[in-house]
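> Please build the complete structure, drawing on both the sequences and the hints.
2 protein chains.
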Amino acid sequence: MSDYHIFTADGARHFALSHADAFRDSDQLEAKEFGDGNLNLVFRVKNQHGRSLIVKQALPYARCVGESWPLTIDRARIEAEVLLRHGRLCPEHTVQVLHYDPALAAILMEDLGQLEILRSALVAGKQFPLLASQMAQYLAHTLFHTSDFVLNGLQKKAEVARFLNPELCLITEDLFFTDPYCNHERNNIHQAILPQARELWHDDALQAEVARLKADFLSKPQALLHGDVHSGSIFVSATQCKVIDAEFGFYGPIGFDVGSLLGNLLLSYAGQFGLQEDTSVREQQQAYLLEQIATLWQGFASEFSQLMQTQTKESSFASSSYQSFFLQQVLADSIGYAGCELIRRTVGLAHVADLEQIRNEPQQARCERFALALGRQLILQRHELTTIQQLNTLVQHLPLPA
Amino acid sequence: MSDYHIFTADGARHFALSHADAFRDSDQLEAKEFGDGNLNLVFRVKNQHGRSLIVKQALPYARCVGESWPLTIDRARIEAEVLLRHGRLCPEHTVQVLHYDPALAAILMEDLGQLEILRSALVAGKQFPLLASQMAQYLAHTLFHTSDFVLNGLQKKAEVARFLNPELCLITEDLFFTDPYCNHERNNIHQAILPQARELWHDDALQAEVARLKADFLSKPQALLHGDVHSGSIFVSATQCKVIDAEFGFYGPIGFDVGSLLGNLLLSYAGQFGLQEDTSVREQQQAYLLEQIATLWQGFASEFSQLMQTQTKESSFASSSYQSFFLQQVLADSIGYAGCELIRRTVGLAHVADLEQIRNEPQQARCERFALALGRQLILQRHELTTIQQLNTLVQHLPLPA
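Protein sequence lines, in the order shown, are assigned to chains R and G. Under UniProt numbering, the first residue of the first sequence is numbered 1, with each subsequent residue one higher. Under UniProt numbering, the first residue of the second sequence is numbered 1, with each subsequent residue one higher.
These are computed hints drawn from the structure, not numbers from a lab. Just to be clear, a hint being listed does not mean it is correct.
Put simply, identical chains are the same to the list, so a pair is met inside one copy or across any two.
[Stated by the list, open to error] Lysine to any residue pairs mimicking SDA-like chemistry, simulated, CA-CA at most 25 Å apart:
| hint | residue 1 | residue 2 |
| --- | --- | --- |
| 1 | K32 | P102 |
| 2 | K32 | Q329 |
| 3 | K32 | L115 |
| 4 | K313 | R198 |
Rendered as structure tokens:
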């Protein structure tokens, strides 16, 4: 910790040069800071041949708020270790970490600038046919291989301790599960949907179900999660798909990672009502999103089942009835967490471009109401929705509120 | 660790003298080793006035097996810290720890020799009217106050890390959940019930449900458990009841502690068919046991509900529907773990006097078959048994097998 200092462009350049085989002492390196948004300092370091890498440094506070919100720089360790671990389990879809410096809380990693951030691309109406099947592979492999199916009790407990990540989990515990369901000052609620937001504060049935999901988030360490699989953490192209930003990683319920992504695809679905005026283009994009949702779950379930059948090391979990039960429970959890994501991105602190970039305010309010109504249905009905088709049917039949 | 040496009687006397206000330098202290059975060295240290204390030292191996089974002496820390923590939460029913020495892995604690060990007393057909209501208080207070209802995410994660207890949990993971359901060399099966034991090895439905219970044991850190609440860990009298031996303590599912005790009361019930030849005496003792089972759950549920309503610090868990759901889930878990306890104590490594002390072998085999059949029913039906009366009705209607 004593060697810690906040990077200037010069420091980032020096850090990249010291730890990257890609750069030579004779290179002319250029380092440019570009905010990743919320928490950290991020530089792109490029040489004269166009070869580039990313330097990401954790600041001892949350960047979006400032020094008044101190935040452990140990999150850089979590991020580096989760990415390295997930990278071994699924190198195709995990950003490559080249070096991690604990004292500087800094990570040198591959630059994915040639890809697009999924959220912006979806807002622009783009489609990526391989997205869901690739993410299904990523989720199945990273989650299965860090679960009780593979690790014995000794290994698992050591892993749980290594990735407790209390400070960043607390952010999720608050923003995801608490704030949207009460009149919290951190909430960010557009005036037009205040009546619908208020309903959440007095919805006993919903709050009881959200409490169950929160209790599992706190006390169900099933696997090493990424912890923040939203569409801003995924880089895509027509052929590739890579996940970044694992600082929220911890041992939690598998459905949280799967559900976060489902929730983000559904946020995109909701936003389409306001982003795309041409009905047939909009319907076509929404059909693509539902198809991706189906493929995501089916691909995940199929790969995870295959792994359970062939790679389970813990004999107690070899029972095929248990494995079916396990997957069914992951689906219910995933649907519940997807519902939470829809709600917290609509009325909580951190909004998403899928809804924010709708220019027509009344139309935006309708989309937000749709997101809230859908989120609520998913949370309440997650145990009845036993197939992904049932979820898609629910989405398709939910009317766009006035 | 460098100061660690195995106590002689002299060492135990010196340890007690150094750390007990009760003893003076001028006292004539006598120290006598008496095995607590399985894992540790235990001395009673007494002065000439009859005042006595217990010195318990962890050996670097499991005493019952010998040096070939190495076992961490960190279990003494776990035991001392769990007892101290539970002792603050429920001093009436937790043995008092006077001193703990990490280097020597030794604990000085109150002597409960004036009380009886519950298991032996039940085998002798004794009754303790306050047992269940006192244990209900112990379980409700120790478990509630170490749960997510009270601790925030930061506190809870620090606690989970402090009490991971991987080595001792592994013993439970193996002996409780794995061995009885396969042909494991550690199993200890009386010849007469071999056919019934074999059935367990091929019972897919049962194995799937045991897998769910094991997965929760591994990955459901709801509260700081005692981890080994069997009737050999409880000292009783007509008015008192105190719990000892917390070295298996860890953050796990609340139902595991409650269910272990339920299972032990049911083992006593099963054993009565063979221990007590006088039918009316036997029926009277079994009625007492069922009444204690009802009181245990009702007392626990009532106290835990009261605590949830009045002492919950985490606002997300203030919902009364959530609290009802939570208790219902604890009941289902408890019934499941009680079923596992019945089975593993009948065919697993560690048997209990309730069944072992039946002299008539054919009668013993019938009692063991009863325990296995009951265990299986509890595990399979735990979600349908939504009240403790339903459990008792099932017990009363289960025929004693031939």
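> Indicate, hint by hint, whether the structure satisfies it.
Comparing the hints with the structure gives:
1. When the C-alpha separation of K32 and P102 is checked against a cutoff of 25 Å, the pair qualifies only within one copy, where the shortest distance is 22 Å, while the shortest distance between copies is 53 Å.
2. For the identical chains of this complex, K32 and Q329 are neighbours neither inside a copy (45 Å) nor across copies (54 Å), given an alpha-carbon limit of 25 Å.
3. Taking the closest pair of Cα atoms, K32 and L115 come within 25 Å of each other only inside a single copy of the chain (18 Å); across copies the shortest separation is 74 Å, beyond that limit.
4. In the homo-oligomer, the alpha carbons of K313 and R198 lie at most 25 Å apart only across protomers (23 Å), although the nearest pairing inside one protomer, at 48 Å, exceeds that limit.
In summary, the one numbered hint that this structure violates is 2.
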